[in-house]
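K.L.:
Using the sequences plus the hints, can you model the full thing?
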Amino acid sequence: MNIHIPQFGGIAPKLNTSKLSDSGAQVAENCRLDGLDLSALPGPATVIASLPKVETVRSLFRLRHATDESLYWLHWTKDVDVVPGPSAGDNNQRLYFTGAGRKPSWTSFPLATLGGSDYPVVSYELGIPVPTATPVATLTQAAADQTVARERRVYVYTFVSGAGEEGAPSPPSAALSVVTGDTLTISNLPAAPAGAYDLTRKRIYRSVVDSTGAGEFHYVGEVPMAADTFVDRLEQANEALATKGFLPPPPDLQGLTAMPNGILAGFSGHHLYFCEPYLPYAWPDKYRLTSDYPIVGLAAFGQSLLVATTGHPYIVTGIDPASMSMDGLPSLLGCVAKRSIVSTGDGALYASASGLQGVGMAGSRLLSNEAMRTEHWQALDPANMTAVWHEGRYIAFTPNGGVILDNAGRFTTLAGLGASAAYIDPLNGALYIVTGGRCLQRFEAGAPLSLRWRSKQFSIGAGFVPPLARVNARTYPITFTLLIDEVVRHTRQVTSAEPFRLPAALRGEVLALEVSGAVSGLKSMGVGYAVKELVHG
Numbered sequence: 088m089n090i091h092i093p094q095f096g097g098i099a100p101k102l103n104t105s106k107l108s109d110s111g112a113q114v115a116e117n118c119r120l121d122g123l124d125l126s127a128l129p130g131p132a133t134v135i136a137s138l139p140k141v142e143t144v145r146s147l148f149r150l151r152h153a154t155d156e157s158l159y160w161l162h163w164t165k166d167v168d169v170v171p172g173p174s175a176g177d178n179n180q181r182l183y184f185t186g187a188g189r190k191p192s193w194t195s196f197p198l199a200t201l202g203g204s205d206y207p208v209v210s211y212e213l214g215i216p217v218p219t220a221t222p223v224a225t226l227t228q229a230a231a232d233q234t235v236a237r238e239r240r241v242y243v244y245t246f247v248s249g250a251g252e253e254g255a256p257s258p259p260s261a262a263l264s265v266v267t268g269d270t271l272t273i274s275n276l277p278a279a280p281a282g283a284y285d286l287t288r289k290r291i292y293r294s295v296v297d298s299t300g301a302g303e304f305h306y307v308g309e310v311p312m313a314a315d316t317f318v319d320r321l322e323q324a325n326e327a328l329a330t331k332g333f334l335p336p337p338p339d340l341q342g343l344t345a346m347p348n349g350i351l352a353g354f355s356g357h358h359l360y361f362c363e364p365y366l367p368y369a370w371p372d373k374y375r376l377t378s379d380y381p382i383v384g385l386a387a388f389g390q391s392l393l394v395a396t397t398g399h400p401y402i403v404t405g406i407d408p409a410s411m412s413m414d415g416l417p418s419l420l421g422c423v424a425k426r427s428i429v430s431t432g433d434g435a436l437y438a439s440a441s442g443l444q445g446v447g448m449a450g451s452r453l454l455s456n457e458a459m460r461t462e463h464w465q466a467l468d469p470a471n472m473t474a475v476w477h478e479g480r481y482i483a484f485t486p487n488g489g490v491i492l493d494n495a496g497r498f499t500t501l502a503g504l505g506a507s508a509a510y511i512d513p514l515n516g517a518l519y520i521v522t523g524g525r526c527l528q529r530f531e532a533g534a535p536l537s538l539r540w541r542s543k544q545f546s547i548g549a550g551f552v553p554p555l556a557r558v559n560a561r562t563y564p565i566t567f568t569l570l571i572d573e574v575v576r577h578t579r580q581v582t583s584a585e586p587f588r589l590p591a592a593l594r595g596e597v598l599a600l601e602v603s604g605a606v607s608g609l610k611s612m613g614v615g616y617a618v619k620e621l622v623h624g
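Numbers in this note's numbering are just positions in the sequence shown, counted from 1, shifted up by 87.
Just to be clear, a hint being listed does not mean it is correct.
Here are the simulated distance ranges between beta carbons [to be verified]:
hint : residue 1 : residue 2 : range
1    : Ile-406   : Ala-470   : 29 to 37 Å
2    : Phe-587   : Gly-389   : 52 to 60 Å
3    : Val-574   : Gly-188   : 50 to 58 Å
4    : Ser-583   : Gly-496   : 31 to 39 Å
Pairs of lysine-lysine, DSS-like flavour, derived with a Cα cap of 25 Å [said to hold, decoys possible]:
hint : residue 1 : residue 2
5    : Lys-165   : Lys-425
6    : Lys-331   : Lys-373
7    : Lys-101   : Lys-190
8    : Lys-140   : Lys-165
9    : Lys-373   : Lys-190
10   : Lys-610   : Lys-106
11   : Lys-190   : Lys-425
12   : Lys-331   : Lys-140
13   : Lys-165   : Lys-190
14   : Lys-140   : Lys-190
If you're looking for bench data, these hints aren't it; they were derived computationally from the structure.
Since we're looking at a predicted model, the values are computed, not measured.
Every residue, glycine too, gets a C-beta built ideally from N, C-alpha and C.
P.N.:
Have a look at this one:
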């Protein structure tokens with residue numbers, strides 16, 4: 088009996104080892120299955136031997152101001168989600184982030200790099216706080232003519248940041264009846280509230296009644312944050328107040344995710360929030376949606392948003408936060424790891440307790456179902472997965488290893504290469520990981536790892552093992568191992584494509600072939616009775 092293996096596949100532990108396809112694997116560690124060949128996955132190359140933070144780094148983001156890949160790495164020891172600002176003309180490279188054990192925040196290149204290398208060095212809390220003190224309006228000088236028609240006036244004020252971001256208004260003042268020419272002093276305008284906000288001034292608005300009898304607030308002036316009064320001489324009011332409902336994001340907002348049309352999304356508990364388009368600081372409560380289960384994480388694809396929960400997932404669709412629709416999918420496989428969630432461009436993937444779940448506009452599917460049962464998936468430690476979608480592969484790292492699903496649907500595992508953080512740089516397309524807690528490395532940029540690939544069990548019916556073997560690869564040496572009835576019976580270093588003899592009189596019920604080492608371009612291997620059969624398959 089001849090055994091010829093011209094193709095190399097992934098693992099499927101759900102199947103009996105003798106029922107695998109001829110290209111199927113019992114073991115596929117650190118393998119790159121390029122086309123039909125088998126190669127060792129290139130190892131990582133060190134970029135920064137030790138990042139500044141002293142604890143295990145769990146989140147990364149690189150500022151885009153240098154081609155040198157060792158520069159400007161923002162990093163945190165907690166789970167953090169970072170998105171660039173939605174303004175294409177922002178030369179300061181504003182960034183918004185949630186997590187890090189603090190309220191939602193923002194920084195920029197000048198702030199993040201303001202001295203030191205433990206980036207981000209400086210950041211501010213996201214959002215403009217809503218004033219709580221009620222302004223007091225006092226008539227301080229009456230007009231000479233008090234016989235003209237009187238008007239009812241009410242005042243509010245807002246806080247404004249150095250970037251011109253304006254928040255929601257204060258409670259309204261008590262109403263006064265005034266005439267044109269009166270002078271009013273608006274007092275009880277407090278200083279900046281507690282918190283790391285970049286507030287620089289206060290804007291004052293007064294009520295105006297239009298010809299239809301409807302009222303709204305119009306701008307009349309502004310004062311520095313330190314000023315506590317404003318004098319209004321009832322001159323012509325200007326533009327209307329446009330920031331009613333512009334609340335800061337919830338202080339425990341998580342999972343910040345960018346969607347099309349300048350929309351950011353985030354979640355807290357059962358609630359999903361959206362910012363005003365192109366205004367990342369304003370999160371009106373009227374846009375809030377609610378799920379049946381606690382939300383675990385988000386992923387955007389196309390015009391849609393996956394909302395992964397502890398129960399069934401949701402798909403949210405829409406181009407405006409005021410008209411988002413939220414539809415639950417029938418799958419009850421909840422997400423067990425927020426950082427396992429990735430967008431694939433036309434869908435999203437996440438780790439459930441039972442396997443790798445795929446979600447798209449057509450519904451949801453358990454992608455690992457044909458290859459693994461729940462116990463096999465659980466052995467991969469899904470609750471601690473940190474995943475990315477890179478070059479058509481789902482790559483999930485755990486502290487001690489990981490798993491890869493390639494675009495052909497083949498599963499392989501990572502052995503001896505755990506990571507605590509992963510990030511894809513949009514500038515160069517490279518994947519960066521943190522190993523050993525603080526070492527920043529570029530994935531697949533170093534020397535080949537040592538792979539191990541073991542074939543299915545081929546039945547030989549209690550007969551003798553064929554006497555010849557061949558391993559056909561681009562480079563050597565390669566370690567070849569022969570297993571009979573699941574016991575290693577022969578191991579040797581192969582240095583060429585020439586057939587070689589196996590020990591005589593080996594017999595058993597089933598055999599398997601294994602290769603290991605820094606394999607490159609393994610095209611085929613097999614055992615047989617004649618050199619011609621081995622060379623020509």
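K.L.:
Take the hints in turn and mark each one as holding or not.
P.N.:
Consistency of the hints with the structure:
1. Separated by about 35 Å at the C-beta atoms, Ile-406 and Ala-470 satisfy the suggested range of 29 to 37 Å.
2. Judged by the Cβ atoms, the range 52 to 60 Å given for Phe-587 and Gly-389 holds: they are separated by roughly 54 Å.
3. At roughly 52 Å, the beta-carbon separation of Val-574 and Gly-188 lies within the given 50 to 58 Å, and the hint holds.
4. Roughly 33 Å separates the CB atoms of Ser-583 and Gly-496, a value that falls within the hinted 31 to 39 Å.
5. With a C-alpha separation of about 12 Å, the suggested pair Lys-165 and Lys-425 falls inside the 25 Å cut-off, and the hint holds.
6. Taking the CA atoms of Lys-331 and Lys-373, the gap is near 11 Å; set against the 25 Å cutoff, the hint holds.
7. The straight-line distance between the Cα atoms of Lys-101 and Lys-190 is roughly 44 Å, outside the 25 Å bound, and the hint therefore fails.
8. About 11 Å separates the Cα atoms of Lys-140 and Lys-165, which keeps this hinted pair within 25 Å; it holds.
9. At roughly 21 Å between alpha-carbon atoms, Lys-373 and Lys-190 fall within 25 Å of each other, so this suggested pair holds.
10. Of the pairs offered as hints, the one joining Lys-610 and Lys-106 holds, with about 22 Å between alpha carbons and a cut-off of 25 Å not exceeded.
11. Proximity of Lys-190 to Lys-425 is assessed by CA-CA distance (about 18 Å); at most 25 Å being required, the pair is judged to hold.
12. A distance of roughly 41 Å separates the Cα atoms of Lys-331 and Lys-140; the hinted pair therefore is violated under the 25 Å criterion.
13. Of the supplied pair hints, the one linking Lys-165 and Lys-190 holds, its CA atoms being roughly 13 Å apart against a limit of 25 Å.
14. This hinted pair checks out: Lys-140 and Lys-190 have alpha carbons roughly 20 Å apart, not beyond 25 Å.
Consistency note: the structure conflicts with the earlier hints numbered 7, 12.
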